[in-house]
Amino acid sequence: MKKEVEQAFRSALEQYEQQIERTTARFPERRDVFYSTSKAEVKRLYTPIDVEEIDPLEDIGLPGSYPFTRGVQPTMYRGRLWTMRMYAGFATAEESNKRYKFLLQQGQNGLSVAFDLPTQIGYDSDHVLAEGEVGKVGVAIDSLKDMETLFDGIPLDKVSTSMTINAPASILLAMYIAVAQKQGVSKDKLRGTIQNDILKEYIARGTYIFPTAPSMRLITDIFAYCSKEVPSWNTISISGYHIREAGSTATQEVGFTLANGIAYVEAALAAGLDIDSFAPRLSFFFNAHNDLLEEVAKFRAARRLWARIMKERFGAKNPKSMMMKFHTQTGGSTLTAQQTENNIVRVAIQTLAAVLGGTQSLHTNSKDEALALPTEQSVQTALRTQQIVAYESGIANTVDPLAGSYYIEAKTNQIEEEAMDYISRIDDMGGAPRAIDAGFIQREIMDAAYQYQLDIEKGDNIVVGVNKYQVKEPSPSGLLRVDLSVGDKQKEQLKALRAERDNQAVERALEKLRAVCRSDENVMPVIIEAVKTYATLGEITDVMRDVFGEYRQSVII
Amino acid sequence: MQRPIRVLVAKPGLDGHDRGAKVIARAFRDAGMEVIYTGLRQTPEQIVAAAIQEDVEVVAVSILSGAHSTLLPRIKELLKEENADDMLFVAGGVIPDDDIAFLKEKGVAAVFTPGTPTTLAVEFIREHVKR
Amino acid sequence: MDRGKRWRERRRIAKMITAVENALPGHEQILQEIYKKTGNAYVIGITGPPGAGKSSLTDALARGYIEKGLRVGVIAIDPTSPFSGGSILGDRIRMNELSTHPQMFIRSMGTRGQLGGLSAATHSAVMILDACGADVLFIETVGVGQSEIEIVKLADTVLMVMVPGLGDDIQAMKAGIMEIGDVFAVNKKDLPGADKTKIELEAMLSFLPPREWRPPVCMVSAMYKEGLEELEVAISEHRKFQADHGRLEQRRMRNAQEALLAILRDKMVLRVKSDDRYEELLQRMMEKTIDPYEAARQLMEGLDSCSED
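Top to bottom, those sequences are chains A, B and C. For the first sequence, the positions run 0 to 556 when numbering that gives the first Met the number 0 is used. For the second sequence, the positions run 0 to 130 when numbering that gives the first Met the number 0 is used. For the third sequence, the positions run 0 to 308 when numbering that gives the first Met the number 0 is used.
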């Protein structure tokens with residue numbers, strides 16, 4: 000701003016504020032202080048004064064270049080729309096396979112695999128803890144046999160596959176590679192993502208198996224293996240989504256996710272990897288909540304902060320190492336079990352937030368997910384929501400349309416600064432794994448979650464249909480149910496598998512795995528060997544449990 | 000002095016989403032209760048063993064994995080086997096209405112679904128706990 | 000009834016603990032009945048700062064004793080909120096797998112801050128588990144404050160758990176706290192700084208007045224199950240040392256005396272408070288027409304003349 004303009008503006012602002020005082024004396028505002036969803040104070044008005052410290056080039060820049068505040072590609076959605084990737088899980092490998100084939104016929108080229116909980120925690124379907132859980136929230140995979148069925152007739156060189164798998168990610172990736180080899184597809188042709196983010200499992204999602212140190216080693220083994228053998232594979236999806244679901248604020252979502260990201264980078268560097276060899280394959284996964292403007296600022300702040308960390312802290316040279324590419328899912332915890340139709344509107348707002356924030360791909364939740372797994376009908380509405388935003392809203396026609404808004408830029412700055420504060424505190428504790436071990440991150444999230452709940456119960460936070468505008472409504476009908484016989488079917492198949500495979504070969508492979516786990520050697524090649532003998536997921540994980548031990552949750556309430 | 004109500008808060012099943020369990024545990028504590036928190040991945044056997052050893056008056060479980068129709072009746076059965084049927088058994092989580100009717104038939108005293116204020120759960124326990 | 004049989008009556012044991020913890024009607028009879036059966040369990044107090052991994056270590060040690068065929072009781076103590084009177088007792092979370100084991104019994108207690116304090120309720124719980132068949136008993140403390148000192152009055156061996164990264168905290172620990180440790184464990188030995196913690200501890204211990212028993216410092220990892228056998232040996236050695244030198248008797252005599260005095264204090268306080276003159280004397284103290292010594296003397300006279308209740 001020019002000096003004289005600035006002076007004139009300041010005096011006008013002063014006048015406005017004086018006038019406001021008189022107005023509010025007679026007509027008070029709705030509340031004394033306004034807060035965002037994340038309990039950050041929101042001012043009445045944002046003006047050029049709030050953004051005067053912001054450098055239009057260094058801080059905001061241009062799309063496709065450092066610090067990527069405005070997006071990672073130069074043309075963003077004018078070139079190609081974001082990937083509409085719907086996460087879906089079906090009870091058995093056969094059913095999922097049918098569904099994938101249908102989706103591929105419809106022109107979708109990205110598959111997203113949801114696994115059931117026993118698979119995610121490394122238990123076979125016949126384990127006592129798997130009782131009642133087999134096939135419930137995704138597909139059950141016990142051995143390579145199930146994986147072969149899952150991708151039967153699907154050419155793995157033609158699709159990109161995203162797998163939501165963490166603690167046993169190395170095993171599922173090994174199975175994927177083994178299936179590809181049977182199809183005659185070489186490893187370098189494989190494209191896809193494994194979530195592989197164990198730290199957020201300890202913090203928020205809960206599907207951990209091993210203690211921190213061996214878990215980090217498995218992750219860096221995957222980084223190292225893939226950088227040579229499966230170069231187009233995204234080796235990790237560093238996830239803030241579940242941190243937010245656990246009740247964190249927007250700032251905490253950014254701060255804790257990036258602190259986890261830093262820990263993975265440091266582990267990989269300590270294992271001797273070169274930063275630019277693996278960093279371009281790191282991807283992120285965030286949540287989109289209802290507070291539209293705060294969310295947009297959050298995505299922009301996260302992108303800028305990561306770019307700065309990669310460049311300044313880790314000395315990355317390749318711009319691709321500095322680009323934060325991320326998948327977004329709309330916020331499951333924002334959905335209400337009451338008046339479920341309202342959820343469609345919430346998801347629409349969250350879709351706007353994700354797209355205005357510059358996401359690379361998006362999953363939209365279905366209206367009935369606060370009650371059960373979604374029906375096909377409600378999944379379709381959720382997908383249509385994305386399509387309406389893409390083709391009808393007009394927001395995809397220009398890059399980062401909210402840039403330059405006083406509020407958005409001030410908020411972007413604020414979130415970046417506060418997230419950086421968290422990162423510094425976590426650094427002081429010795430990094431994210433130590434901060435998790437000490438319960439710091441969990442406690443910060445829990446405090447925010449509890450505060451949010453109290454605010455709702457006091458009526459300080461309004462959730463439409465829950466604590467205001469409630470109606471008497473009939474119980475919802477037509478919800479999806481999972482057949483309980485899936486568990487029995489998997490158990491029978493396991494029994495048959497154990498009878499027909501070469502059990503001596505299995506034993507030998509598992510012993511070799513045990514030896515490698517005890518050494519510093521990369522585990523990936525022996526895991527691939529083991530899955531090829533049809534050793535089960537549970538058997539492989541048990542060997543690793545035996546060598547590595549098991550993680551114990553800290554009690555942070 | 001009034002002795003505090005002892006509640007076991009447990010998560011049966013494999014799902015790791017413990018936000019609800021932790022929020023309710025805090026709410027119970029703030030309501031003056033003694034909360035025994037057992038964390039994730041509890042088998043019905045572990046939950047009942049804890050309930051017995053801790054001599055709780057209330058067993059409160061949180062479950063989101065969808066395995067409630069298998070696991071909750073099992074917990075109730077085991078409580079009966081241990082002659083601990085007098086313990087108040089409540090549940091919370093993503094549980095469809097049809098299943099709620101089934102679970103109540105199986106002896107779950109109350110099911111709190113998403114959006115239920117914590118104060119309601121506290122009141123329910125205070126009214127129904129057997130002393 | 001033999002100890003093994005009593006041990007199997009889980010619900011009954013649990014209910015007895017509830018009765019004594021809350022001073023429910025009949026709790027004194029319970030203690031009277033079981034008292035003569037106590038004295039068989041070896042009591043290990045586990046203390047140390049929050050986050051040192053006390054529960055995980057208790058779990059790991061308990062596994063060892065269970066494998067030897069012993070019955071193990073655990074009393075885990077967590078703080079009660081002074082505001083609501085409620086508490087979150089979460090130590091079990093580390094011992095979930097053992098919780099269904101027939102040789103294991105775990106009980107959580109809140110500090111509550113009730114009459115008699117922590118030690119009375121804990122002591123009663125210890126006696127019940129002891130009388131009902133426990134061979135080894137762990138008492139796991141909160142990790143801060145007065146309860147640490149109180150736990151010494153109940154334990155045959157005090158295991159103090161440390162963890163690397165507390166640095167200055169060790170320096171800041173009062174000698175009084177260090178003195179209660181009979182065996183030291185540096186947990187999470189895989190973390191950087193573990194060796195330094197050991198050296199610092201040994202240095203601190205060398206400054207303590209010389210004693211016949213020199214507390215050993217063991218390096219362990221509860222999570223990776225390392226160093227546990229050595230720790231168990233260290234505890235056994237302390238036990239043997241005490242037995243050989245008549246220390247266990249001494250210690251238990253001291254503990255019995257503490258228990259007796261605690262009960263006496265409670266009873267006296269209760270009776271004095273029920274004296275009609277109690278409030279009146281308090282009021283007079285406020286008005287400065289009587290000093291606390293004289294008020295106490297008068298109330299004690301009341302005690303003397305009072306018959307058995």
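Treat each hint with caution, since some may be false.
Unchecked claim - Lysine-lysine pairs mimicking DSSO-like chemistry, simulated, CA-CA at most 27 Å apart: (1) A:490 - A:144; (2) A:181 - A:157; (3) B:105 - B:129; (4) B:79 - C:4; (5) B:129 - C:239; (6) C:152 - C:239; (7) A:531 - A:511; (8) A:97 - A:488; (9) C:14 - B:105; (10) A:181 - A:511; (11) A:494 - A:531; (12) A:227 - A:157; (13) C:152 - B:79; (14) A:511 - C:224; (15) A:186 - A:531; (16) A:97 - A:227; (17) B:103 - A:471; (18) B:79 - B:105.
Note that these hints are calculated values from the structure, not bench results.
Each hint tested on the structure:
no.: 1; hint: A:490 - A:144; verdict: 13 Å, holds
no.: 2; hint: A:181 - A:157; verdict: 15 Å, holds
no.: 3; hint: B:105 - B:129; verdict: 19 Å, holds
no.: 4; hint: B:79 - C:4; verdict: 21 Å, holds
no.: 5; hint: B:129 - C:239; verdict: 48 Å, violated
no.: 6; hint: C:152 - C:239; verdict: 19 Å, holds
no.: 7; hint: A:531 - A:511; verdict: 13 Å, holds
no.: 8; hint: A:97 - A:488; verdict: 18 Å, holds
no.: 9; hint: C:14 - B:105; verdict: 26 Å, holds
no.: 10; hint: A:181 - A:511; verdict: 22 Å, holds
no.: 11; hint: A:494 - A:531; verdict: 18 Å, holds
no.: 12; hint: A:227 - A:157; verdict: 21 Å, holds
no.: 13; hint: C:152 - B:79; verdict: 39 Å, violated
no.: 14; hint: A:511 - C:224; verdict: 22 Å, holds
no.: 15; hint: A:186 - A:531; verdict: 15 Å, holds
no.: 16; hint: A:97 - A:227; verdict: 33 Å, violated
no.: 17; hint: B:103 - A:471; verdict: 21 Å, holds
no.: 18; hint: B:79 - B:105; verdict: 11 Å, holds
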